[in-house]
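J.: Sequence:
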Amino acid sequence: MPGPDTLNYIHDLLNDLVNTTQAVSKVLLKQLTPSFGPTGVPGDAEKIKAACDNLYALFLTLFEWELDVRFVRPHEAFAELFSKMSGWTTEMRSELRRLTIEFDTLVSSPGLSGSYTLTMTINAPTGLQAFEDEFHRMANDPKVLAAISSKL
Numbered sequence: 690m691p692g693p694d695t696l697n698y699i700h701d702l703l704n705d706l707v708n709t710t711q712a713v714s715k716v717l718l719k720q721l722t723p724s725f726g727p728t729g730v731p732g733d734a735e736k737i738k739a740a741c742d743n744l745y746a747l748f749l750t751l752f753e754w755e756l757d758v759r760f761v762r763p764h765e766a767f768a769e770l771f772s773k774m775s776g777w778t779t780e781m782r783s784e785l786r787r788l789t790i791e792f793d794t795l796v797s798s799p800g801l802s803g804s805y806t807l808t809m810t811i812n813a814p815t816g817l818q819a820f821e822d823e824f825h826r827m828a829n830d831p832k833v834l835a836a837i838s839s840k841l
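Residues in the sequence shown are numbered consecutively from 690, following the numbering used here.
Please keep in mind that the hints were generated in silico from the structure rather than gathered at the bench. Every residue, glycine too, gets a C-beta built ideally from N, C-alpha and C. Take these hints with a grain of salt, some might be off.
Claimed, not checked - The list that follows gives simulated cross-link-like pairs (lysine-lysine, DSSO-like), each with its CA atoms no further than 27 Å apart:
1. Lys738 - Lys719
2. Lys736 - Lys715
3. Lys832 - Lys773
4. Lys738 - Lys715
5. Lys736 - Lys719
What the hints assert, rightly or not - Here are the in silico distance ranges between beta carbons for each label pair:
6. Ala819 - Glu765: 12 to 22 Å
7. Ser839 - Ser772: 50 to 60 Å
8. Ser839 - Val707: 56 to 66 Å
9. Asp705 - Asn812: 15 to 25 Å
10. Gly803 - Ser772: 41 to 51 Å
11. Pro723 - Met690: 37 to 47 Å
Using the sequences plus the hints, can you model the full thing?
T.: Now the structure itself:
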């Protein structure tokens with residue numbers, strides 16, 4: 690992939706990850722949580738299912754994002770920077786999977802009653818600082834500057 694295209698692709702990947710993370714938060718806070726209703730009132734099963742379907746779609750989006758990072762071949766000047774993004778979605782995908790298992794265990798319990806709290810924590814990707822450091826290092830790298838101005 691030519692240098693300028695790789696830089697644009699990295700930019701798009703970062704935007705996609707931010708947007709997906711925001712979408713996960715939105716589904717959890719504005720769809721899933723309200724669908725359970727107030728304490729003591731049964732939740733709306735259709736809304737709960739719709740929210741879970743949306744979370745699953747976002748899980749797949751995170752998986753596809755990770756595949757893009759692992760299998761797209763960037764311009765060689767950006768290979769190290771690109772490699773720093775590998776694994777960024779692992780923690781969030783693990784959290785979504787954990788939340789799904791906890792939720793399934795909870796609703797599968799016979800005679801379910803009472804109040805329950807499920808939490809999900811979204812942290813900055815592991816290795817973000819290394820990515821930022823590499824990005825700053827690249828700002829003065831003649832190979833990178835040549836790659837940005839080249840169409841090859």
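J.: Determine for every hint whether it applies to the structure shown.
T.: Tested hints:
no., hint, in the structure
1, Lys738 - Lys719, "holds, 14 Å"
2, Lys736 - Lys715, "holds, 14 Å"
3, Lys832 - Lys773, "holds, 18 Å"
4, Lys738 - Lys715, "holds, 15 Å"
5, Lys736 - Lys719, "holds, 11 Å"
6, Ala819 - Glu765: 12 to 22 Å, "holds, 19 Å"
7, Ser839 - Ser772: 50 to 60 Å, "violated, 21 Å"
8, Ser839 - Val707: 56 to 66 Å, "violated, 28 Å"
9, Asp705 - Asn812: 15 to 25 Å, "holds, 18 Å"
10, Gly803 - Ser772: 41 to 51 Å, "holds, 47 Å"
11, Pro723 - Met690: 37 to 47 Å, "holds, 43 Å"
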